[in-house]
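**Student:** The primary structure of each chain is shown beneath.
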Amino acid sequence: MSELETLKNELKELNTEYTKIKTLPQEERGEFGRRMNLRKQEIMQRIKQAELAEIDASLTAIDVTAPCAPNNNIPSVKLGSKHPLMTELDRVIKIYSSMGFDVMESYQLDDEFHMFDSLNFHKGHPARDGYDTFRTAEGFIPPAHTSTMQHRALKKYRSRLEQGGQIAVVIPGRVFRNEDVDATHEHTFYQCEGVFVSENANMGQLFGVLKHFFESYYDQELKIKTQPGYFPFTEPSAELLIEKPSSLGGKGDGWLEMMGCGMIHPNVLKMAGIDSTKYHGFAWGGGIDRLVILKYGLNDIRYFESGKLDFLEKFL
Amino acid sequence: MKISLNKIKQYVQVPSDVSDEELIKLIGSRLVEVEEVIDLAPKYRGSYIVKVVSCDAIPETHLHLCQIDAGEKSSQFNQLDNGLIQVVCGAPNVHAGMLAVWITPGSIVPTTYGHENFRLSVRKLRGYESNGMLAGADELDFDNEHKSIAEIDSKIAKPGDELAKIFNLNDLILDVENKSLTHRPDCFGLIGFAREVAGILGVEFVEPPVFSLERFSQPLASTIKPQLNLKVEIMESQLCPRYTCAVFDLPNNTPSKYLTKEAVFLAKSGMRSIDPIVDLTNILMLETGQPLHAFDYDKLVAVGDSKTPKIIIRAAMAEEEIQLLDGKTISCIKDDILITSNNVPVALAGAMGGKNTEVDASTKRIVLESATFSLYNLRKTQMAHGIFSEAITRFTKGQPAAITNPVLVEAINRLKAEPLVVVDNWTVRDMENVVKITTQSINELLGTSYESSLIAKTLTNVGFRVKDYNETLEIIAPEWRTDIHLPEDIIEEIGRLLGYDNVPLSLPLRPFVEPEIDPMLQLKSALRTALSDNLRMHEVLTYSFVSRSLLEKAGQDPANSYEIVNSISPELQCFRQQISPSLIEKTRDNLKAGHTDFALYEVNQVASRADGLTDEGIPFTKAHLAIALVGDFYLMKANVLTLLRDLLKLDVSYAKMSPTSAKIYPYLEPGHSVDLFLGAHQIGSFGELRPSIAAQFKLSNTVSALELDLDQIVSAPETQDLGLTFSKFPAVERDLTLKVSHDLAFGRVLDSLHEFFDHQNLIYHIQPTSIYQPSLGSSTKNLSFHLDFSAPEKTLKTSEISDIMEGIKTKVSQVGAEIV
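For the record, the sequence lines run as chains A and B.
Residue numbering for the first sequence is 1022 to 1337, as defined by my numbering.
Residue numbering for the second sequence is 56 to 875, as defined by my numbering.
The reader is advised that the hints may include incorrect statements.
[Stated by the list, open to error] Okay, derived cross-link-like pairs now, BS3-like style, lysine-lysine, Cα gap no bigger than 30 angstroms in a straight line: (1) A/Lys-1176 with B/Lys-677; (2) A/Lys-1115 with A/Lys-1265; (3) A/Lys-1144 with B/Lys-234; (4) A/Lys-1335 with B/Lys-753.
Simulated from the structure, these hints should not be mistaken for laboratory data.
As the structure is a computational prediction, the values presented were derived from the model and not from experiment.
Construct all of the structure, not just a fragment, from the sequences and the given hints.
**Tutor:** Structure follows, in structure tokens:
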């Protein structure tokens, strides 16, 4: 007999017993009735619980290891994905933006003036060869570095200097180099440029800003060091290296070459109409692809522009 | 460029407490990126000088059975009874009495070191035991050709000597990155490189004789009385700022039969020994950075065919031909510079000598040239003829004209030659580079606090002449530093030589100003979140360069694309006009790879020649969003409207695709596509691909695409009307089915329902639920809607509801619909 049936019988018996009330003397009936009612309430309560327990018991256990119940459709949850390069670029921009840098985007077709002349590359100088630029039939250039926007950024914001302010801007963009593609080389990639100009900008601030950026980006304290570089548009110029962060398996020994940087060449400031005797600036530029490659240990750069869902679906 | 550290140490006194490792680190952080450090010592471990005591031909072979004496090393190997060691050798020049190089059994053949690592052993050759081998210069990695075994001059070595010790091979070779020295022609010479190392170490640099002051101040030409008639004429001075040359007799130019220290030094620097005069010019180039070239004087005079020999330096004529030393005949471009003998070309300046004046073993008299040419022209020469020699690499950095005389004098001195005539034609002189700068301005730009005495000493160490006028420095750059013009150039020297890593870090003080973010970047970011996170699409990036055939397949006119003239391949020849064609291609690839039911999108820039140029005179680049999805028009429509109306809050409308749009988006099927509008502006179009286009792309699924111009919507206001009015009173719900003619547009029926409700004071929603048409040929179809409506101020009465339903009936009958 189930618990519920037992309880129901008990209730029946109680009801039968209750009828005895009529046989009792008048003065005992009150006390008898209260006692009976209390017992009845208690049984009713237990019956309700037993009934609820019986509902749950009616359900049998399922195979939790299966993707669905027999004869049902397997449910599918579809998710979208964001391209890792764009996600990383967003993160880089957010950090600079939180440091007070304005953000403007680089053009994908530009001219010789912005790519070279405005950056103090002398006409026909071999330094131009190092950039392996593509050219259109009209002589336009899909730029080989985001520095192609420096002149525009300086002109756009130079009024701030006259108002006693500073120029602080970062410029992300897609750039191109005429390079054969293999697992570690791409002709199309992303860079982020930084430009800062003020009355007292100096090299110590340049390294300080970049150290701060990389420490925010990797969320740890990092050592930095430099090696000499040559860029016609900065003087002095340097290459910045950071200590390999622990999130990339660094143990305080390895170094990563991250970007070129330097004090903006006075000719570059002058060409943008900025008094180079009064104002100084620094600039830097680094690749975004490399940040992503390092982060995920990607062994083939060609996945980035492959459009392969097998690759993209990893970045939900 | 390969730099021998031993050679550097010959020029610089490296303090004893600075280890090689530390020195290389300093060079890497303050002069040039060191890509690789090659330790030569292990490569030559096991190579010894030996004497060939006996040498007997092995009958019926080209081999010789040799017994060698390895001095005190002999006892460590398999000795014969007479104490000698037996080696079989196949070289034609092996002979008794010679000193040779022996690679011992158990050692690696140097030329295979680091790759195949071929290890020698004791083995039998034609039945004879052979211990190790007698090595040729090629096996020792000093030469490329296998000619014979190396013979060693007994004046410099004895049996048992280590090869490495005699030839200075216990050395570290630094392979440095040339690019960061592009502006430093002086550092393309070992002396210049060493001078910088001295500067970095803070020690004085003692200039070797070649760069002593009088060599700069007193040209040799002014001290030699000509005994021969030779003239030099420079046609255009900017092509050749200075041409210095000397004529002298060459006693003997036969290559030495011995392996020379010069040949080994050249090999360490990545070059090869040719003959004594060429080796000398190459060694001087490696040391000083100044390339030299030797002509056979008699041939030069003969070629010119004139009684008055004259070297004329001039621009080449287009397609003028010259046969070069490597035997190839090239056709000149007009930017090439030619050295001519009475106008007959004898050398492609800076690049390579001509075959007609080649120096060989019979040469008696030479013209030695030490000159400097326009780096801009030579750069074009380099590109046009693909000549990337050590010489032209240096010339294209802009060798200073000042050093032609000192290096020529050095060559003459080392040859102990008597010049018969020296001509020095110096047409363009560099100005003396003087920079005035204060200590304060140096420290301000670097963020340092260096003393002026330290600054002066640092500069003096690398050849600058510094006058210190109480915090103002007057700095004269040395003759070889043509790159110094501005105060910033000096600041760079100081920052670099004293180490950027010693600059104290700081952060700029910034005013509290909210940064300005490009609204387009913000829009792109919002789109990516909406498309990936909400609509579950996949973001892709595809190349900005596409093939002509992709454009044609998508029906676009390739003439509207900016064409890349130096593209890597035809696949990447055209700058894309729209993104959709690339996405259609990727959709096809992913379908092929087994994926189903997906959507790809890309946000990027495009350009069309049809859009013309900006005010700046550069092509208009536009920001576009494109989507390609596997599905029909209606799936795309649901996604696009959700994206633009619900997620981006843009008040967009759409209409059947216009004939103009059909031309702009030729891959979309006009009958299955619409144009999108924001206000009066068309912002893009979407729809299914034309079947003919799908066929071209080999697509068997229905695929739809969207192309959207983001510039048009970047500044559009978001709609603020989210429909936030709710009634407190119960809503009436009704299902409505309307029977209409099969060709009546759904939109007309829906519009008429909206029109009806908009004229009532009601809060309402119309949700289409189904469209039913019994068969394709049926003359009517049923459109079903779920309606809910309520009055803002009261509960609707039954009679009012009947009136409303009656009103709907009347309204829709105007468009030919009847309630079922």
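**Student:** Now tell me, hint by hint, if it's right for this structure.
**Tutor:** Each hint tested on the structure:
1. A/Lys-1176 with B/Lys-677: 22 angstroms, holds
2. A/Lys-1115 with A/Lys-1265: 22 angstroms, holds
3. A/Lys-1144 with B/Lys-234: OK: A/Lys-1144 and B/Lys-234 at ~18 angstroms, within 30 angstroms.
4. A/Lys-1335 with B/Lys-753: 27 angstroms, holds
In the structure shown, no violation is registered for any of the earlier numbered hints.
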